[in-house]
Amino acid sequence: MTLKIVRRVAILVASVLVASIVVFLFMAVLPGDPAQVALGVNATPELVAKTRAEFGIDRPLATQYFDWIGGVLQGDFGRSYVTREEIGPALTDRLGVTLWLVGAGMLVALLIAVPAGTFAAVRHRKADGSAVSGLSQIGVAIPAFLAGIILVQIFAVQLRWLPSGGWTPPVRDPGEFLRGLVLPALSLGLVQGAVLTRYVRSAVLDTLGQDYLRTARSKGLRPFQALFRHGLRNAAVPVVTVLGLQLATLLIGAVVVERVFVLPGLGSMLLDSVASRDLLSVQGIVLVLVVGVLLVNFVVDVLYTVLDPRLRGT
Amino acid sequence: MKARIHAAALVVLLVTSGCSAGSSATVAQGPGTLAVGFTAEPANFDFTRTDGAAIPQALLYNVYEGLVKLDADGKIVPLLAESWTVSEDRKTYDFKLREDAKFSNGAPFTAEDVKFSLMRVKTDWTVSIKSTMDVVERVDVVAPDHARVLLTKPSNGWLFSLTSRLGAMFSTGGVADLANKPIGTGPYTVSSRRRGDSIVLEHNPAYWGKKPAYSTVVLKYIKDPTALNNALLSNGIDVISAITVPDSIPQFQSDDRFTVVEGTTNSEVTLAFNNARPPMDDVRVRRALSYAIDRKALLDTAWAGRGTLIGSMVPPTDPWYEDLSNAYPFDPAKAKALLAEAGQVKSPLRLRIPNLPYAVSAAQVVASQLADVGVTVTIEPLDFPAVWLKQVFTDHDYDLSIIQHVEARDIVTFGRPKYYWGYDGKPVQQELAKADAGTPQEQVDAMRQVARRLSEDAAADWLFLFPNVIVAKDEVTGFVRNQVSESFDLTGLAPR
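Chains as they are written, first to last, in the UniProt record's numbering: chain S, 1 to 314; chain L, 1 to 496.
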């Protein structure tokens, strides 16, 4: 067990390093000079050269990289070329917004998928069960931004019940915070819920076919009772796997949803930073995202062992 | 139980991370609060070292003030200078300063600050528009309320540039962290910001002038035009500072909750010709292309028919404006004849444009109309700003491009042979110099000459002038109709 964790941590560190190098090189070959973008039209070549020196981007790539990674290891992500602020605190700030969004989206997805998927599985031979699976197929085909645009049109523009976008930190005004989170979480969660419904359905169907459930049924339990008492925990194993994989998709969806709803999260920061060739910010954000995804994988692994005792031996 | 404690810890982390480091944009809701929506967000607050229109738009006249400002008609009027006189040789300016003006850090505004601010442009600013300040020889502090500026040569352009960010007055002790802590003499101070979301301006209680009607103004930054419109429709904001999708204007006009204010801008949408390189170095080819394009049809397609056809680099709010939009009437036959005379354009022309909606739709019209006269055009959208700046603007690697030129009086760029137009015309350079040094009347005459000569040379094709379209809730009044200065001036806004 310890060895397994050590190995996983080593893989995590190596992946992060490789990702940071790849991103660094990729940004370096992208056309567009950060100094030129910061100075804008009319900038003279002398000014551009001076600014390049000030940013330190006239130094060899390797020097720039090691300077940066050295700083990061000490918790210093550097100062943005464009916004001139410390990148570290900005990252924490933006990450908070994105985590709320992804968390709320995931919650919505689970609230939809678990009951709907279970229902569709138990009643898979009936018309209502098939109807639920059919609906989920349609839901899968809708992109999150489209769901967002439709929700905004109905609930913000027409009915004016909820804000069409913007972010209120929870400490300032919890009510306004929740009102602002509803539509983004729904647009992210509805689509995700439809995807998960299909997985929950097949996992539950699988479980329903197991011998121990047949035994339970033969003892006189109704299908739902049997499932709740004996089957759900087993059905959860594949669902947790998918959940982990889907989290990456959810992050990508969050980038788009942040744009639609004007949320100051990590996704919108990434888009802005790439557009303005803000090298250090892009590196910082990607690093955080990579660590995030790898951590999720790690947690999924651990959850397996909790949910399925058969895996504990290894 | 343990899991529950972890969950609680996570919630605490999330709540606190949502409000860290100066980002709590506290908004007092109420009648004194106004929320204005913009599409371009300032990268930081330091317009002395970061280019772009977004910073002066938010801060100039609102947080920073200059000695003079531009009023709604484009006239230079007093601000921190109560009055000024110009010497006979037009090289010495005497400014009589307001005595009651204070910076938001408490320091009084004096002639020392004028000297400090104007001389600092030469030494500390890195944005390139600073070059108009090169003519300043020195600034003398005659008395605390009297600053004298000596120029190396007469320059009308210099006084005009004082109305822009270049004329902003800084406190001698307040420039330590311009990117994050702006300190000016204006009616508002920056109270907080949440990057990617908003900047909150609060009324400056020590302001020397009239107290603004709105004590709190929230500048909301919403990049997506549809989201910006939705925010106004759903009560999220009170004003859209400038509409960027013309198709959405009718829906606001037909809704009596809103008023639509339409005016002009300084923003010429220009089909740039690479004057320095064949085949565009041939005036016959440039003229042919100008005849071949139906600008009225193009305006209908690219901006729903809103905007003004001007035919030059001069907007109607400049004193030397003259309508040159008929210099090259749409005439495909004449275009073909000129092209035949010049020897046909053989290889396709590279129309390299920024990947922005107005440029993309205008480019399609240009390409199809040029095809009608036998000129093949390949459209190449480039990522804006980064790639367009590098390849077209810096490397001059293009035949044609389409871009808005937003700066005031930017016709002077045709006086720089190294600018990306590649236009090297001695007569234009001489006339521009004459205009800058002359009396106001001489300036007007010379500038008219410049515009006419550029039109004759077909140095570029000026497609149309961007309109300024503000949409606001009906109860908000006092907008500056024409966007002539760099500022989105909040000082005149008031509830009905």
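Bear in mind the hints are in silico, worked out from the structure with no lab data behind them. The model shown is predicted, which means the values in this text are computed figures rather than measured ones. In this text, a Cβ means the ideal position worked out from N, Cα and C, and glycines have one as well. Hints may be right or wrong, so weigh each one.
Stretch by stretch, here's where chain L covers chain S in the computed footprint (C-beta under 8 Å, at least three residues) [claimed, not checked]:
1. 140-146
2. 279-288
Straight-line distance between alpha carbons at most 35 Å, and here's what the computed DSBU-like set of lysine-lysine pairs gives [unchecked claim]:
3. S/Lys50 / L/Lys473
4. S/Lys50 / L/Lys153
5. L/Lys115 / S/Lys50
6. L/Lys336 / L/Lys211
7. L/Lys336 / S/Lys50
Cross-check of the supplied hints:
| no. | hint | result |
| --- | --- | --- |
| 1 | 140-146 | violated (count 0) |
| 2 | 279-288 | violated (count 0) |
| 3 | S/Lys50 / L/Lys473 | violated (46 Å) |
| 4 | S/Lys50 / L/Lys153 | holds (28 Å) |
| 5 | L/Lys115 / S/Lys50 | holds (25 Å) |
| 6 | L/Lys336 / L/Lys211 | violated (61 Å) |
| 7 | L/Lys336 / S/Lys50 | violated (48 Å) |
When each numbered hint is compared with the structure, violations occur for hints 1, 2, 3, 6, 7.
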